[in-house]
Amino acid sequence: MAYQDSHAPVIRGPKDLGRLSLAALGIVFGDIGTSPLYALRECFLPPHGVGVLAGNVFGVLSLIFWSLTLVVVLKYLIVVMRADNRGDGGIMALLTLVTRNVPRPPRGTKGYRRWGVLVTLGLFGAALLFAEGMITPAISVLSAVEGLQVATPVFQPAVVPITVLILLGLFLVQRRGTAAVGRIFGPLMLLWFVVIAALGLPAIWRHPAVLAAIDPRHAVAFFTANGLHGFLILGAVVLCFTGTEALYADMGHLGAKPIRFAWSTVVFPALLLNYFGQGALVLERGAEVVPNPFYSLAPELLLYPTVAIATAAAVIASQALISGAFSLAQQAIQLGYCPRLTIVHTSAEARGQIYVPEINSILMVACIALVLAFRESTNLAAAYGIAVLGTMMTTSLLVFAVTRQVWGWRLWQSVTLVGCFLAIEVPFFLANTTKLLHGAWVPLGVGLLFFTLMRVWKWGRRVLNDQLEAGRLPIELFLADAERRHLHRVPGTAVVMTSLEHGTPPVLLHQVKHNKVLHEKVVLLTIRTEGVPRVPRAERVQVTELRAGFFQVVAHYGFMESPDVPSLLRWAERFGLQVGKDVSYFLGRETLLRNEKSKAPGWMVHLFAFLARNARPATHFYHLPPNRVVELGAQVGI
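Residue numbers for the sequence shown follow our numbering, beginning at 11 and rising by one.
Worth flagging that the hints you see were computed from the coordinates, not collected in a lab.
The hints are all genuine.
In silico lysine to aspartate or glutamate, DMTMM-like type, Cα no more than 25 Å apart, as pairs:
#1 Lys523 x Glu479
#2 Lys468 x Glu641
#3 Lys445 x Glu386
#4 Lys468 x Glu511
Can you make the complete structure from the sequences, with help from the hints?
Here it is as structure tokens:
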């Protein structure tokens with residue numbers, strides 16, 4: 011089934027563009043907007059930074075300028091944001107766009123292996139985004155609070171406790187939602203960008219020659235002068251474009267045009283003014299400002315207000331990553347890569363605002379643990395870049411598949427485009443691998459953990475579904491047998507949840523076996539997740555009347571939607587299905603046992619069983635009334 015509508019906002023004029031662009035400042039640009047707090051500093055800070063020489067300052071500024079231009083503007087704003095999935099973006103949307111246009115080949119074939127590589131790439135990129143979601147709040151808030159040390163060393167012992175308290179408060183308020191305060195995120199980030207631009211201007215005014223760093227020859231001269239050390243500095247330069255993936259991921263909420271407009275008119279100019287201002291200050295005052303060139307730009311009287319605004323911006327950046335992690339978890343659940351989790355909709359108006367308690371708890375513990383373990387933002391910076399680059403390289407490879415399979419490009423065109431992207435990203439990634447022993451192992455370890463969980467869950471569900479398919483009884487045979495046996499029919503409607511569209515649900519067989527009755531009306535309900543973000547309501551449901559009071563209902567949802575079965579059944583009344591008020595819901599619950607004939611490693615079986623035991627009940631996930639649900643269990647060997 012094809013779904014053609016896009017859910018991106020409609021822009022009717024300058025007023026809509028301005029409103030959405032302001033919202034983009036608060037939703038999209040928090041992470042990259044707070045990078046000036048630590049990015050340039052890491053290029054010069056001992057022991058890994060280069061010496062504070064004029065040539066090095068010009069070289070680093072040139073690298074920052076061209077990194078922002080090539081990665082953010084060329085790759086994401088011009089190319090990647092064209093690869094939307096019905097208006098939505100993000101790593102999962104890109105993965106489903108590719109897999110939807112590349113039919114899954116039979117197992118064991120060469121094509122199946124290539125298909126598996128695409129899925130593996132997408133899942134690992136998504137797993138690294140979870141890791142990034144752990145590091146961003148920690149490094150952003152910690153680097154903002156460290157500004158207090160610039161005012162007086164007395165605050166140094168308080169930096170970590172203050173950071174922990176801010177993070178604790180941030181995660182504890184998630185359950186209340188951010189709809190109320192979210193309206194001020196855009197104006198606050200606009201104020202932040204005005205402030206950082208204003209901080210950089212005086213230093214540039216005093217040393218306008220610093221603007222010559224735009225010339226890429228300074229970057230070339232930097233590598234020539236510093237050799238291998240200059241190459242390794244790319245591991246710090248990458249910090250200037252962390253958060254770029256958010257430009258693509260939030261396309262569905264805002265549309266591409268407001269994001270591009272906000273970048274070109276506010277974000278990019280403000281970032282350049284601040285980075286070049288920091289560079290001018292380093293040229294002027296030398297090594298004394300290297301420990302914190304950002305806060306050294308602020309006049310002494312304005313230092314505390316600057317710290318306050320920076321902390322607010324860091325919290326907004328963190329909120330964006332937390333919300334992104336919630337959304338990513340929801341998509342993974344719907345696409346079958348994650349067990350059911352609790353999904354709470356925190357806003358009646360904004361459908362995309364959700365809260366996932368389990369993910370919130372994991373992020374909270376991880377962020378606070380990172381702050382307590384690393385204690386300084388400069389230590390966390392070593393762990394940050396590799397997660398960012400891993401996700402970006404994954405996006406590049408998936409874009410290659412999009413250009414070939416969706417856009418119909420020739421091979422040489424796709425290779426040329428993606429080759430240019432990788433020519434930029436691979437050196438950055440290699441430079442970051444040298445930091446593995448200094449913290450870069452953290453995001454890789456976290457990413458590998460989440461990747462393993464998703465792969466094992468998908469594998470386990472596939473094995474279970476294969477067993478159901480192998481032993482399924484065609485529904486026509488069941489109906490014929492039921493009529494022949496003259497089973498007693500009791501009043502009311504039975505809604506039987508099943509993944510088998512054309513077979514008899516095992517839970518129905520168990521119900522008949524033990525109770526030897528059928529309801530007057532039986533609805534076999536299958537919920538399918540499509541490879542699109544959202545499915546139009548008019549195309550939500552297909553109702554087929556079988557016979558003897560049996561109905562087959564197939565419901566279609568997008569991977570960014572949460573199924574609500576009672577609401578779905580009310581909608582299905584428009585298609586001739588009348589369930590009435592006396593409804594019982596029948597669900598199956600499998601008890602998993604290890605099959606002695608299974609060739610799967612034991613750890614995979616045990617891990618899948620653990621995930622299945624701890625998955626949230628289907629009752630809550632599908633919004634079923636608990637007093638109307640009947641669960642029938644069965645033992646299944648895997």
